[in-house]
Amino acid sequence: MKKDTSNINSLENEAIYIMREVAAQFEKPVLLFSGGKDSITLVRLAVKAFYPAKVPFPLLHIDTGHNFPETIEFRDRLCKELGLELIVRNVQDSIDEGKVKEESGRYASRNMLQTTTLLDALEEFKFDAAIGGARRDEEKARAKERIFSVRDDFGQWDEKNQRPELFDMLNGSINHGQNVRVFPISNWTELDVWSYIEKENIEIPSIYFAHKRKVFLRDGMIWSAEDDVVYRDENEEVIEKMVRFRTVGDMSCTAAVYSDAVSISKVVEEIRDSTISERGARIDDKRSEGAMEKRKQQGYF
Amino acid sequence: MEVLKIATAGSVDDGKSTLIGRILYDTKSLTSDKLKAIEDKSEQLGYDYLDFSLATDGLMAEREQGITIDVAHIYFSTKKKSYIIADTPGHVEYTRNMVTGASTSQASIVLIDARKGVIEQTNRHFFINNLLRIKDVVVAINKMDLVDYSEEVYNKIKADFTELMSKRDYQDQKITFIPVSALKGDNVVNKSNEMPWYKGEALLEHLEQLDKADIFNSGTPRFPVQYVIRPKTEEFHDYRGYAGKVYGGDLSVGDDIIVLPSKTRSKIKDIYFYDEKYETASRRSSVTITLENDINVSRGDMIVKENDIPTIDKQFTANVCWMDTDQLTPGGKYIIQHGVNKVLAKVDRINHKINPDYSGFEKNVTGLNINDIASVSFKLNKPIFYDQFKNHRTNGSFIIIDPQSNNTVGAGFIQ
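Chains A and B supply the protein sequences, listed in that same order. Heads up: the first sequence at position 97 corresponds to 97 in UniProt numbering, and the numbers run straight through without jumps. Heads up: the second sequence at position 163 corresponds to 163 in UniProt numbering, and the numbers run straight through without jumps.
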C-alpha cells in the first residue's frame, strides 16, 4: 500500500510535520484546548504524529466558566481515554484576583477576559510554544498569521513585523521571554476540518449536532436560553427550535444556527451548501471591523 | 481533488486584491455575511461599485491606507480544485513577503496595469518568480476597461514582457498572457465579451486546467529526520522510529539507504503512518521509518538512497534574498537552517549583486541591504547535505537566522 498525499491527506501531512517541529524545537510546548472541533482535530493530529509514543506535551484549557457543560464533560473523557495530561486555568480566578473586570450589560462576555488568564498560565508553566487551532480562512486578520507566530513578553502580536516563512522551514528560535503560537491547521478550511472529522471518525461534543434547544432571538441571531450565562431581556421570548452550534466558544458569544444535521455527513453537507461564514455566528467578531486584530495584538489566542 | 497554491505579484494599485475579491465573488465563494460587510464598507466609503479588495485587506492599517502590507492567504474551491492564494504586497520594501509567498506556490499571477505597462517593479516581480522556479506564470494585464479594451495596448505590453523573458535564467517556465478587468469581471472567471480579439482562456479556466505535474517532484528522495520516536513502553520496547517528511521522491520498504553524515548503511524495515504500515512513502508524506539495523540516528541527520546521495560539504554558494534592515556583510556570522538542520555559517564573500530589473550584476559589493538579491559564498562549521536548487527545491533552499535577534533575515537558493 502506498501512503498517498492528495487533498485532505496533504493537509494532514503538513500538520503532522508542524507538530513534530514543535516537539523538536521547543523545550516546553503546550496544546491549547477549548473543546471545540478545531482543537479536537489538533489532538487527533498530535496523537498520530507521535504514535506509538505518547503526545509529548500537555493540554491547557482556559475555562471561562461559561463553557457549554457538554464541552467540559467531553474534554475530561477525551483526556482520560487518550491518557493526556490536562491543565485547567479559570477566568473566574483572574476575576477574583482582581486582574480583570467582568463585563456587564446585554453583550457581556468573558471572551476578552480569557487573554489575561491565558498569558498568566503560559508564564506560570514557562511554556515556550502554545499550539492553537486557528485557521487562516476564519477571519481576515487570521489570514495574515504565520504558522510559527512569535509573541513578545506581553503575548502581543506585531503584525507588521512577522518573520517570513519560506518553504517548509519553521524558525522556532526565540529570545528569552518570547514565546511562539503555533497553528498547525492554518491552511485548513472549515469544510476540511469537518471532512477530516468524518474521515477519521472523530468524536465531537453533541452540541455540534442538531438538537432541540430553548433559544431566543436577538439581532437576527439565535441565542441559547438554557443557561443563565447569556443576558436576556424579559421581552425576549424563549422558543424551542432544532439548532446546532457551528463554533463552540464561550456561551455568551456563540450563537446557534437552525439545522437538521444530526450526523457528521449531514453537517459536512450543510457546511458545503452554507452561504454564511463560520464566524458569522461569533458575536465577539461583530464588535468592530478590526475586532479580531485588536484582540490578537493584546495576546488573544 | 487537488490543491493548487498560487502567489500573486503586482505593484501598488495594480488591483491584486480586487482581482482576488472578484474571483471569490464570481465563484460564489464569498459568504453572505462577508459580502454584506463589503457592501456596507463600500457604501460607507462612498463608492458606487463593490470594493472587493476589502475581502482580503485584513489589517486595520491596510484598510486605512488602502494597500496590502502582509501576505494574506485566501481559500476557495471549485468542483475541480482547491485553491490557496497568497496575496503578496507589491511595494518594493515588501519584496521579502513576495519571496515568502512564492516559495510555497506552484503557480503565480503577475499583474500589470494596462495603463502603465511593464515597469521596473514588473521586472522585479518576474525575476523573483523565475528565481524561485515557479512553473506556471500568468501575466494578467489588468484594467483593460480603462484602455478601451485595446488589443494594441495588450500587444505592446506582451511584446515588452516577452523581451524580459529572453533574459530569464529558468527558461522552461511557462508564461501565459491574459487581458482582464478585475473591477468589471472581464476574463477573470468568465470570458469577456468586450475583447473578441482575445482567443485564450479566462484566468480561472486557465488555472483549472493546469496539469498536476508537481514542482516538488524531482525523483531523488531525501528524508531529513525530524524527530526520533522512542515509546519505551512494554509493547514497543525496542522501537526506534525516525519521523520526518519525504521530499523529492518515494521511499519503499527494503530500500538500501545511507544515513548522513555518519554514512552508515542499512535497509528500510517498516514505514508507518500512525498505526498502519505502508510499502511506500510518497514524497510530501509525514511518516515514521524504522531501519533493519540498530544504528544511531538523530534529528538533522538525513536518510537517502544508497545510490543517490546529495553533496556533502562545509561550503557552498547560493543566491540570497536579504530580508533584514541590518546589512549582510562579508565575515558576518549567522545560523543557516537547511530543512530541519541548523548550522553556524560565516559569509565568506559576496560574489556579486544581481539587479532584479535585469540590468545586470554589480561587483565589489560591500554589503547587502534589505531586498537585495546576491550571489553569496558561505563557510559552515559542519557539513550539510544539499542539492542544487534547480534540481531539488526543498533540499536546495535554506533560511538565514540572525543569532542575536533570532529573526529570519534571509533566504537562499543553492547554486
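Please keep in mind that the hints were generated in silico from the structure rather than gathered at the bench. From the three backbone atoms N, C-alpha and C, an ideal C-beta is built for every residue, glycine too. Some hints here could point you the wrong way.
Straight-line C-alpha distance at most 16 Å; calculated EDC-like pairs for lysine to aspartate or glutamate [stated by the list, open to error]:
hint, chain 1, residue 1, chain 2, residue 2
1, B, 80, B, 279
2, A, 54, B, 235
3, A, 54, B, 26
4, B, 79, B, 26
5, A, 199, A, 38
6, A, 48, B, 276
7, B, 80, B, 163
8, B, 79, A, 38
9, A, 266, A, 203
10, A, 48, B, 275
11, A, 80, A, 203
12, B, 263, B, 211
13, B, 158, B, 113
14, B, 28, A, 273
15, A, 99, A, 73
16, B, 79, A, 273
17, A, 54, B, 275
Heads up, incomplete: computed chain B residues facing chain A, CB under 8 Å, no partners named [claimed, not checked]:
hint, residue
18, 239
19, 285
20, 295
21, 407
In silico negatives: residues of chain A with every beta carbon more than 10 Å from chain B [to be verified]:
hint, residue
22, 156
23, 178
24, 232
Now for the hints, and whether the structure bears them out:
1. Only pairs whose Cα atoms come within 16 Å are accepted, and residue 80 of chain B paired with residue 279 of chain B is rejected, the gap being roughly 29 Å.
2. Only pairs whose Cα atoms come within 16 Å are accepted, and residue 54 of chain A paired with residue 235 of chain B is accepted, the gap being roughly 13 Å.
3. With a C-alpha separation of about 47 Å, the suggested pair residue 54 of chain A and residue 26 of chain B falls outside the 16 Å cut-off, and the hint is violated.
4. Using a Cα cut-off of 16 Å, the hinted pair residue 79 of chain B and residue 26 of chain B holds, with the two alpha carbons roughly 14 Å apart.
5. At most 16 Å may separate the alpha-carbon atoms for a hinted pair to count; residue 199 of chain A and residue 38 of chain A meet this at roughly 15 Å.
6. Of the supplied pair hints, the one linking residue 48 of chain A and residue 276 of chain B holds, its CA atoms being roughly 10 Å apart against a limit of 16 Å.
7. As the CA atoms of residue 80 of chain B and residue 163 of chain B are separated by approximately 34 Å, the hinted pair breaks the 16 Å bound.
8. Between residue 79 of chain B and residue 38 of chain A the CA atoms are separated by roughly 25 Å; this puts the pair beyond 16 Å, and the hint is violated.
9. Distance hint between residue 266 of chain A and residue 203 of chain A is fulfilled; the C-alpha atoms sit about 15 Å from each other, no more than 16 Å.
10. In summary, the hint linking residue 48 of chain A to residue 275 of chain B is supported, as the alpha carbons are separated by about 8 Å, within the 16 Å threshold.
11. Between the alpha carbons of residue 80 of chain A and residue 203 of chain A the distance comes to roughly 14 Å, so the proposed pair stays at or under 16 Å and holds.
12. With a C-alpha separation of about 38 Å, the suggested pairing of residue 263 of chain B with residue 211 of chain B is violated against the 16 Å cut-off.
13. Restraint check for residue 158 of chain B and residue 113 of chain B: the C-alpha separation of about 12 Å stays at or below 16 Å, so the hint holds.
14. For the proposed pair residue 28 of chain B and residue 273 of chain A, the alpha carbon gap of about 11 Å is at most 16 Å, so the pair holds.
15. Only pairs whose Cα atoms come within 16 Å are accepted, and residue 99 of chain A paired with residue 73 of chain A is rejected, the gap being roughly 28 Å.
16. A distance of roughly 13 Å separates the Cα atoms of residue 79 of chain B and residue 273 of chain A; the hinted pair therefore holds under the 16 Å criterion.
17. The suggested pairing of residue 54 of chain A with residue 275 of chain B holds, with an alpha-carbon distance near 13 Å, which does not exceed 16 Å.
18. Given the 8 Å rule on beta carbons, the hint for residue 239 of chain B holds: about 6 Å separates it from the nearest Cβ of chain A.
19. The criterion of a C-beta within 8 Å of any C-beta in chain A is met by residue 285 of chain B, whose closest approach is roughly 5 Å, and the hint holds.
20. Below 8 Å, beta-carbon pairs count as interface contacts, and residue 295 of chain B has none with chain A, the closest being about 19 Å; its hint is therefore violated.
21. Checking residue 407 of chain B against chain A: minimum C-beta separation of about 6 Å stays under 8 Å; hint holds.
22. At the 10 Å boundary, the C-beta of residue 156 of chain A stays outside the reach of chain B, the nearest C-beta of that chain being 15 Å off.
23. Here residue 178 of chain A does not stay apart from chain B, with its beta-carbon only about 8 Å from theirs, under the 10 Å limit.
24. The claim that residue 232 of chain A is not at the interface with chain B holds, since no C-beta of that chain comes within 10 Å of its own (minimum 24 Å).
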